[in-house]
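Protein chains: 2
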Amino acid sequence: MRVQIILFHGMTLLDMVGPTQVWALLPGAELQYVAAAVGPVQTDCHVTISATHDYASAWRDPDILFIGGAGRPTLDAIANVDLIGFLADRGARAKWVTSVCTGALMLGAAGLLKGYRANSHWGTRDQLENFGAILSDERVCIDRNRATGGGITSGIDFGLTLAGIIAGDNVGRMLELLLEYNPAPPFGTGHPSIADRETLEHTRALLAAEYAPES
Amino acid sequence: MRVQIILFHGMTLLDMVGPTQVWALLPGAELQYVAAAVGPVQTDCHVTISATHDYASAWRDPDILFIGGAGRPTLDAIANVDLIGFLADRGARAKWVTSVCTGALMLGAAGLLKGYRANSHWGTRDQLENFGAILSDERVCIDRNRATGGGITSGIDFGLTLAGIIAGDNVGRMLELLLEYNPAPPFGTGHPSIADRETLEHTRALLAAEYAPES
Numbered sequence: 000m001r002v003q004i005i006l007f008h009g010m011t012l013l014d015m016v017g018p019t020q021v022w023a024l025l026p027g028a029e030l031q032y033v034a035a036a037v038g039p040v041q042t043d044c045h046v047t048i049s050a051t052h053d054y055a056s057a058w059r060d061p062d063i064l065f066i067g068g069a070g071r072p073t074l075d076a077i078a079n080v081d082l083i084g085f086l087a088d089r090g091a092r093a094k095w096v097t098s099v100c101t102g103a104l105m106l107g108a109a110g111l112l113k114g115y116r117a118n119s120h121w122g123t124r125d126q127l128e129n130f131g132a133i134l135s136d137e138r139v140c141i142d143r144n145r146a147t148g149g150g151i152t153s154g155i156d157f158g159l160t161l162a163g164i165i166a167g168d169n170v171g172r173m174l175e176l177l178l179e180y181n182p183a184p185p186f187g188t189g190h191p192s193i194a195d196r197e198t199l200e201h202t203r204a205l206l207a208a209e210y211a212p213e214s
Numbered sequence: 000m001r002v003q004i005i006l007f008h009g010m011t012l013l014d015m016v017g018p019t020q021v022w023a024l025l026p027g028a029e030l031q032y033v034a035a036a037v038g039p040v041q042t043d044c045h046v047t048i049s050a051t052h053d054y055a056s057a058w059r060d061p062d063i064l065f066i067g068g069a070g071r072p073t074l075d076a077i078a079n080v081d082l083i084g085f086l087a088d089r090g091a092r093a094k095w096v097t098s099v100c101t102g103a104l105m106l107g108a109a110g111l112l113k114g115y116r117a118n119s120h121w122g123t124r125d126q127l128e129n130f131g132a133i134l135s136d137e138r139v140c141i142d143r144n145r146a147t148g149g150g151i152t153s154g155i156d157f158g159l160t161l162a163g164i165i166a167g168d169n170v171g172r173m174l175e176l177l178l179e180y181n182p183a184p185p186f187g188t189g190h191p192s193i194a195d196r197e198t199l200e201h202t203r204a205l206l207a208a209e210y211a212p213e214s
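In order, the protein sequence lines correspond to chains A and B.
So that you can map any letter, position 49 of the first sequence is 48 in numbering that gives the first Met the number 0, and since no number is skipped, the others follow by simple counting.
So that you can map any letter, position 182 of the second sequence is 181 in numbering that gives the first Met the number 0, and since no number is skipped, the others follow by simple counting.
Simulated from the structure, these hints should not be mistaken for laboratory data.
Do not take every clue at face value.
From the structure, some residues in chain B lie toward chain A, with a derived Cβ separation under 8 Å [said to hold, decoys possible]:
no.	residue
1	Val16
2	Gly17
3	Thr19
4	Val40
5	Thr51
6	Asp53
7	Asp125
8	Ser153
9	Gly171
10	Leu176
11	Leu177
12	Tyr180
13	Pro182
14	Thr202
15	Leu205
Far from chain A, by Cβ distances over 10 Å, these chain B residues were calculated [as the list claims (entries may be wrong)]:
no.	residue
16	Ala78
17	Val80
18	Pro184
All residues carry an ideal CB built from backbone N, CA and C; glycine is no exception.
Please model the entire structure based on the sequences and the hints provided.
Printed below as a string of structure tokens:
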């Protein structure tokens, strides 16, 4: 199974690492990290991660094409014609076209979600309509060969779900145990539908500031 | 808040990225990635991440000292006198001495868990007794200024819990919403106490093979 993971400047590291960690443990999986150039790519955790391939040397027909999201750097990514062109090209041949968080906006910008149900981070989901997607609020949204997760931490549920579909539920069950995925969120505020009003208002304000036009 | 994150060859990437992603979003947090040398460090996801500091240039008194775990490379890490010596030195002054997964074995090897309750990945927890720790099966185990998480994905619960203690519960609630941490494990097998017998037996066999002596 050939997994092609796209890196870009300012990416939210956990969006990518959640599913990648699951797939890296799959027997027979090969992982390829692709950016405009081989070498370090800055993430939002003040650390760089290294692309192993550039657009020219990346597999032409991966089994899984995957891109995670970001905060404000999402705006640059969806306007980056090289990145979006690469996604459109590989997405036309990949067996699975997938994303977590605002990575869905990049798939959308590449024309890959037209007529498909899709999800993104709860704070950005509505924007998927601009790309012809049908909005979904499923934490792991699968429509034919498109698989799009919700925000950041949903990548673990998303990665395990896809691993189960591809490698079988018995493998999925083992991976979930190996990853000790028996979560216990300390605050119980992890979705707008369960958060208290004050937390929701403050977090909405924070997201609005993140995406506000520069003055 | 100065967070010192230790990198080592073969590390399990998600162990580190779970809490790091939480802390990177904390207002005023500074993150430093430390290894024997500045530059790329291989992870278990077939990708490298770059240390920003070496042992000599790393903060002498971090607020949080953190190390994640690994599979088999754990054995090399606990036998690495430079790494363990560095942990012992910084651990003596850090406000918080912390780990996820088998990172606890490294803290133990550095003498930092003697007489403290601590946890590790469920498959390796028993080994903490060799280092004088008191075994705990709490997903996030806090005893005075020692905070040790369980296996791999526990790092998100661990990171959020510590963020709440340090920055206040209102910040913790916002981060949990921002990270959309409303988990939905697809298989319900994420801990030995809830996994079916076949999944548990196969996963135990897989871990035994991972840690078996080389022939």
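Cross-check of the supplied hints:
1. Nearest Cβ of chain A to the Cβ of valine 16/B: about 4 Å, under the 8 Å cut. The hint holds.
2. Restraint check, glycine 17/B versus chain A: the minimum CB separation of about 7 Å is within 8 Å; hint holds.
3. Checking threonine 19/B against chain A: minimum C-beta separation of about 5 Å stays under 8 Å; hint holds.
4. The criterion of a C-beta within 8 Å of any C-beta in chain A is not met by valine 40/B, whose closest approach is roughly 10 Å, and the hint is violated.
5. The interface hint given for threonine 51/B is met, as the beta carbon of that residue sits about 7 Å from the closest beta carbon of chain A, less than 8 Å.
6. At a threshold of 8 Å, the smallest CB-CB gap from aspartate 53/B to chain A is about 15 Å, leaving the interface hint violated.
7. Taking 8 Å as the C-beta cut-off, the interface hint given for aspartate 125/B is violated, the closest approach to chain A being about 15 Å.
8. For serine 153/B, the suggested interface contact is upheld, since its CB lies about 6 Å from the closest CB of chain A, less than 8 Å.
9. A distance limit of 8 Å between C-beta atoms decides the matter here; for glycine 171/B the minimum to chain A is near 5 Å, and the interface restraint holds.
10. Given the 8 Å rule on beta carbons, the hint for leucine 176/B holds: about 5 Å separates it from the nearest Cβ of chain A.
11. For leucine 177/B, the interface hint holds, since its Cβ comes within 8 Å of a Cβ in chain A; the closest pair sits about 6 Å apart.
12. Because the beta carbon of tyrosine 180/B sits about 4 Å from the nearest beta carbon in chain A, less than 8 Å, this interface hint is met.
13. Taken as an interface hint, proline 182/B checks out: its beta carbon lies about 4 Å from the nearest beta carbon of chain A, inside 8 Å.
14. Among the interface hints, the one on threonine 202/B holds; its C-beta lies about 5 Å from the nearest C-beta in chain A, closer than the 8 Å criterion.
15. Because the beta carbon of leucine 205/B sits about 7 Å from the nearest beta carbon in chain A, less than 8 Å, this interface hint is met.
16. The beta carbon of alanine 78/B sits about 24 Å from the closest Cβ of chain A, which is more than 10 Å, so the claim that it is off the interface holds.
17. The Cβ of valine 80/B lies farther than 10 Å from every Cβ of chain A, with a closest approach of about 26 Å, so its non-interface assignment holds.
18. Distance check on proline 184/B: its Cβ comes as close as 5 Å (rounded) to a Cβ of chain A, failing to clear the 10 Å threshold; non-interface status is violated.
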